[in-house]
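J.: Chain by chain, the residues:
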Amino acid sequence: MARFIKDISATKGQAPGSLIFIGDQKIATPIIKVMEYDTDSLIEKELTGINEGAINTKAQGVTWINIFGIHDIDMIQKMGELFEIHPLLLEDILNTDQRPKYLDKENHNALILNILQFNILANEITAEQITIILGQHFVLTLHESQGDIFEPVRERIRNKKSKARLNESDYLAYALLDTIVDNYIILIETIGRKVEDLEDRIFSHKDAKIAEEIYNLKTELNFLRKSIRPVGDLMIHLFKSEHSLFKKKNFHYLKDLSELVIHAIDVIELYSNMVSDQLSIYNANLNSRMNEVMRVLTIFASIFIPLTFFAGVYGMNFSYFPEIEFKYSYPLFWLVTLSIIVSLIFFFRKRKWF
Amino acid sequence: MARFIKDISATKGQAPGSLIFIGDQKIATPIIKVMEYDTDSLIEKELTGINEGAINTKAQGVTWINIFGIHDIDMIQKMGELFEIHPLLLEDILNTDQRPKYLDKENHNALILNILQFNILANEITAEQITIILGQHFVLTLHESQGDIFEPVRERIRNKKSKARLNESDYLAYALLDTIVDNYIILIETIGRKVEDLEDRIFSHKDAKIAEEIYNLKTELNFLRKSIRPVGDLMIHLFKSEHSLFKKKNFHYLKDLSELVIHAIDVIELYSNMVSDQLSIYNANLNSRMNEVMRVLTIFASIFIPLTFFAGVYGMNFSYFPEIEFKYSYPLFWLVTLSIIVSLIFFFRKRKWF
Amino acid sequence: MARFIKDISATKGQAPGSLIFIGDQKIATPIIKVMEYDTDSLIEKELTGINEGAINTKAQGVTWINIFGIHDIDMIQKMGELFEIHPLLLEDILNTDQRPKYLDKENHNALILNILQFNILANEITAEQITIILGQHFVLTLHESQGDIFEPVRERIRNKKSKARLNESDYLAYALLDTIVDNYIILIETIGRKVEDLEDRIFSHKDAKIAEEIYNLKTELNFLRKSIRPVGDLMIHLFKSEHSLFKKKNFHYLKDLSELVIHAIDVIELYSNMVSDQLSIYNANLNSRMNEVMRVLTIFASIFIPLTFFAGVYGMNFSYFPEIEFKYSYPLFWLVTLSIIVSLIFFFRKRKWF
Amino acid sequence: MARFIKDISATKGQAPGSLIFIGDQKIATPIIKVMEYDTDSLIEKELTGINEGAINTKAQGVTWINIFGIHDIDMIQKMGELFEIHPLLLEDILNTDQRPKYLDKENHNALILNILQFNILANEITAEQITIILGQHFVLTLHESQGDIFEPVRERIRNKKSKARLNESDYLAYALLDTIVDNYIILIETIGRKVEDLEDRIFSHKDAKIAEEIYNLKTELNFLRKSIRPVGDLMIHLFKSEHSLFKKKNFHYLKDLSELVIHAIDVIELYSNMVSDQLSIYNANLNSRMNEVMRVLTIFASIFIPLTFFAGVYGMNFSYFPEIEFKYSYPLFWLVTLSIIVSLIFFFRKRKWF
Amino acid sequence: MARFIKDISATKGQAPGSLIFIGDQKIATPIIKVMEYDTDSLIEKELTGINEGAINTKAQGVTWINIFGIHDIDMIQKMGELFEIHPLLLEDILNTDQRPKYLDKENHNALILNILQFNILANEITAEQITIILGQHFVLTLHESQGDIFEPVRERIRNKKSKARLNESDYLAYALLDTIVDNYIILIETIGRKVEDLEDRIFSHKDAKIAEEIYNLKTELNFLRKSIRPVGDLMIHLFKSEHSLFKKKNFHYLKDLSELVIHAIDVIELYSNMVSDQLSIYNANLNSRMNEVMRVLTIFASIFIPLTFFAGVYGMNFSYFPEIEFKYSYPLFWLVTLSIIVSLIFFFRKRKWF
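Protein chains in written order, with full-length UniProt numbering: chain A, 1 to 354; chain B, 1 to 354; chain C, 1 to 354; chain D, 1 to 354; chain E, 1 to 354.
Incorrect hints may have been included.
As the list makes no split between identical chains, a pair holds if one copy fits it or if it spans any two.
[Claimed, not checked] Restricting the straight-line Cα-Cα distance to at most 30 Å, the calculated cross-link-like pairs of lysine-lysine (DSBU-like) are: (1) Lys101 with Lys226; (2) Lys45 with Lys247; (3) Lys194 with Lys352; (4) Lys350 with Lys209; (5) Lys101 with Lys249; (6) Lys249 with Lys209; (7) Lys327 with Lys163; (8) Lys105 with Lys163; (9) Lys78 with Lys161; (10) Lys248 with Lys78; (11) Lys194 with Lys350; (12) Lys33 with Lys105; (13) Lys327 with Lys240; (14) Lys248 with Lys160; (15) Lys78 with Lys255; (16) Lys78 with Lys249; (17) Lys209 with Lys352; (18) Lys78 with Lys226; (19) Lys58 with Lys45.
Hints are computed from structural coordinates only; laboratory data are not their basis.
Please construct the entire structure, taking both the sequences and the accompanying hints into account.
T.: Next up, the structure:
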């Protein structure tokens, strides 16, 4: 299913460790945005390729290299050599169907996770894989497409007094993570609004789309759970990993973020339960309405079907038909009819049918 | 969904750590109530702002500062400086959409949790975030609104012989926690009464609102579970945390409270199961009634529809119609009719339809 | 809900640690039964109050003090002083809405749990809180009411050769626990018999009470699970607690008892699953019957409603009506009627409706 | 419920540790089969009672004593004295309603578990408790009845070259366990065949027994889960217990067996899920059929009921009735009738009812 | 059930440890393919039997022996002797109904797992057991049948520059594992596509096969969960086992693979949830349609059944029938009829039936 698992068949028969791009190419030419900054200075540039000259890997401040478009295997390989990235990590970057993942090597930590956003036009959740590689003096971010949720971070870096400028590469990595998690929360809010919206409609009577919407919400929540739950586990590695490049003094930020993710998972569970309950209630409501409909039908049919037979009898054309000639037959007919109606109504009332 | 997750969008693009108030302003001007006490003396005052002169942070007894209304960022910041509160904690105080949370620093422990109450007028649960910060000689409590569940604690402090007066700041913090947990229990009792009330009504026949009420109860119980479960985890930190300012001799109080929370969660689970069972039974009841209704319909229709046809036949106007002239046709008609009725009743009886 | 959570509102605003009785007073005046025994001698007496003279707390054998009726706060306080019981434990004794609980202090271990019994007259489970306090040379038991499940233990103590007489206070505490757990098992048996009884009835057709009984069984099993599960956890503390007064040589008895409780929980789970399955099957059965009923209705109605129309046509009084005059119309009418019946029966047969 | 929990009431009021037989006596007189063997020799005998003379407890090879029928308390007591069995274990042997259990004492290990078999005649699972006591040089097996699943083991022992003869008592105990677990697997296979059999039938239309069979399968699987899951836990004790008499060199056999039990539990879970799914699908199928039935009914009724009214109108005998006299009334009647039929068919087609 | 548990009855009564083939013979004569390679040389040969001459167990490079067809017990025994395989492992190889399993001995590690593939022709999952035995210088693979998913690995080995040639036996074992796990992912993709396909169809109206397909998907996903979950556990042993022959430098490959398996299990859970949701929604849809059908029926029947009775009344042939003679009876009849229709439509509209 394209939506949740990407086509791995391309790698079938390949030696593990071969660099192959798995995913949809979402951008024509890769774009590389570089920010080099320390407390005093800030240089921004945009490159078209990676080579040692262009990027100073020995710079002492923070160098943030943003790569948009990861289908260019050559470029990824060059970048790997330049920053001494582990080959298996390169492979993971290229495979856009990853479970959120943390990798720590002596000289760099890597986080692979998904940017989740709600595409209002298509009315669906879009997932884009992002890799954040944190080195002693650099942060590498690799995006599938050009969509850029990190512009506010860039804006803050441009402000000389911002915390980002006063801190090192690990703070930048944290700020990026924080932005990604904020996007999760905003997405969950959007889903939450849809859940609340449904809440009123399940009690209204004529809404054929409800089952479909409940299914879509359930699928979205299942997908969110699958996507965000591993992020919670991953956060814990950031503290505990032997080679963590995050500084102790910034641990409380990470802890805070990790608690936000746990909160998000709690809320996803809450919504999942609510949507399941909505479906149960929707069904109970359908049942309850059906009961009402059937009672109406049964009352009408049970009263008038026997009466119709009764009237039919006296419409028969038998030549020998004593009642026909009897003068009080017609008034008697109405008397019997009315007493049948009354006693059936009494019978239904006693059974509390109306 | 406003009810369960607050609008975090306001913080989007902000550097983490910026102080922004997230929530609804529930009070016009913050009110600050201060109690300074030790075994011998008690001073109560009400302030309009926080400044070093007004509050003696070096006092040796217990200083309890109650702040009602937390939307005034300046005031919060001043308070933070005065009591050396960690900046990230300040940020958490201002964000009223927190998961229950415990934070310990060397010089203060903080608890963020929710006061849950049942608003009978609105027939809904209200949640208000409260922060309790425990220092060596002070307790800070920060409320969203003016609603005050701590008045009984204040009353006890005014009594010179109360335990509160004989104990230190950690006992006060415990007494406040105890009050909050008592409110949880009272809330659960209220829900419990609603659950018991429903119990009888699911077996009554004409109650269109049941599905809606079951849904509301389920949502409330889901919300309670989400809100109270983390409080149970949080309690454990109070014992185990390295920097805990709670004194060993008061640990049995905390343990008792923690067990009460676990008990509360057990009861929430019990009620959740009961409400789920009620929904299942309600559905089974609807099904069972439908069966009854359909059996009545089917018996009436199956008997009288064929008979009506039978009567209709002899109402036809064909000019050649031998039975019409036959003298015993009419009595024979009734004979056949009655034998059809009897054999169908026999057929339905055998199938145990009535 | 009175049944599962007692009214804690009484304690609202009280300092934690105040002695307040929470529960229903089930006995007019407390009764105190004392047994003092060792291998050689046995003294039984019945007291009306607790005071040092009456009870020899320094006796070297085993002193078992049974208190029936715990609403007399003064008496509880006196007892507390006499046996040096921790104040918080006194508070727990008075609050009859406790989760099963274990408390160990250096000089006494306490177990608070519920005696569960099935009241056949009221057709409901009754729960009564019991506190067992084990000291070096005494056992204190505090009952809510006069109902006495411990008489057989007393009987055994009266027998000079019984194990109880040969052992110390911890064995007595174990024997009491054993009696309580035996009562759980008997209760579960009773429920089990009800579950088995239902088993046959869900397949019978006319049983309007089944849904209600299933709901009651589910509620009872939920309540049992909530009540007995913590007893399993509690048992483990008896082995592992630092201050356990149970002697190592009697650990195998405790282990056996603990396994019995786990077994009980297993059986409760089994019954819960069975009752849930019964509800599912009951619903499936209702559905299946409804199907049958609807097929009967549909077959009758689909055959005879069109035929009635057909007969109705030839009952019309149009002056120009060619078929009416035609001699073979009437036999032809029956021919067509029969062929309609046959082809509809064929149609329903093909769809496997009967 | 006799099926799953035996009547413990018999022990009510008894001192724990008293020897009482709980269960159904399944054999008139106990039978005792003894095999004494070592690498070289094999002696088989059948005894009627246990006494020191008959059984040489000092023999150096392996002595396997099979006792069929455990209701004779005297015999059990004698056996207990002879082999120095712990009194609590004797009590467990006599109580045939045990959770699978492992007990280790310095001089013997005991396993209490159930032999589960499928009784094809009664179409139900039979459970029989078996106790295996492993000593340094003996193995005691205690059966409730005469049914003997261990004959193949005996046959192998009779073969001088068999592994059993070359090994010691722990290997014999393992071989017996292996036989018991094999029986579990065979039982699960039997259930599996029933599950597969049902699979096809839930899609067939006329099968009133399905709900009942699903319920029975669910109950059987619940019972198997409850019975076999603790055996998995128990296996682990065999490795880890301090006093384990199993030899290290045979641990891989135990590990293999333990994995087989885990596999069995997996398969039970799989079948449980399948049966639950079958019930859901069966219900969905009933719903789907009901839909079909109701559509047929509604189409017939909605077309012909209005037409019958229409025909009825022209069967009225009003003296002033202009249409009656009109020459084209009758052909017009058919025209209108046909157009009503056509437009209703069109209406139902548009709603995709057929 | 043949599909999920193989017939173990064959081993009943056999001593554990006897070599018996359990499974279906899938190939006539075993085929043995051997590859002996090191960095420089590569020898490929195909044997018909195993004997010391043919296979050089002392070779220093890597010897990969592929055995297709494992029903020849003699051959397996010979192979066992040649490579000093533990007897219990030989037994496991022959029993094709194994839970995925890891075994480590000092001189070899063994993995038993299943190759899962989707057989498009039969539209079902096929499982074939494979054993991989890793020695210091050899890898043994034992297949049930001739189907060969390892050809791509062989192809890579033939390439002198491939990683396989540059590495040792543990890398080959890893490459084989990788191929197997890739097949799992491809299989899950196939299932995923079926799940997505169903997604649209549950909302379409006429699809009688949906319940059956949902059941099949659920069963397949249950089977996948049962098969793949233990593989995740097994992977962890590869790192942690004491005698692991995998080299530390290749651990990151194993870690990567293990994460892929965890990802696969996540996706299986996601699909399971989706399919369960689909069934719920399908049922809700059926209910919703039934409601609609019943409303149509009830509206038609409730309007026209009373009217038919009304018309029937005036078709009666009573000789004394005053209305019949009245001139405005017929127009009045229509007036009453229309007002009944209008008021019933108004009644149904008010109840929001259409």
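J.: Where does the structure disagree with the numbered hints, that is, which hint numbers, in rising order?
T.: Hint check: 6, 7, 13, 18 fail, others pass.
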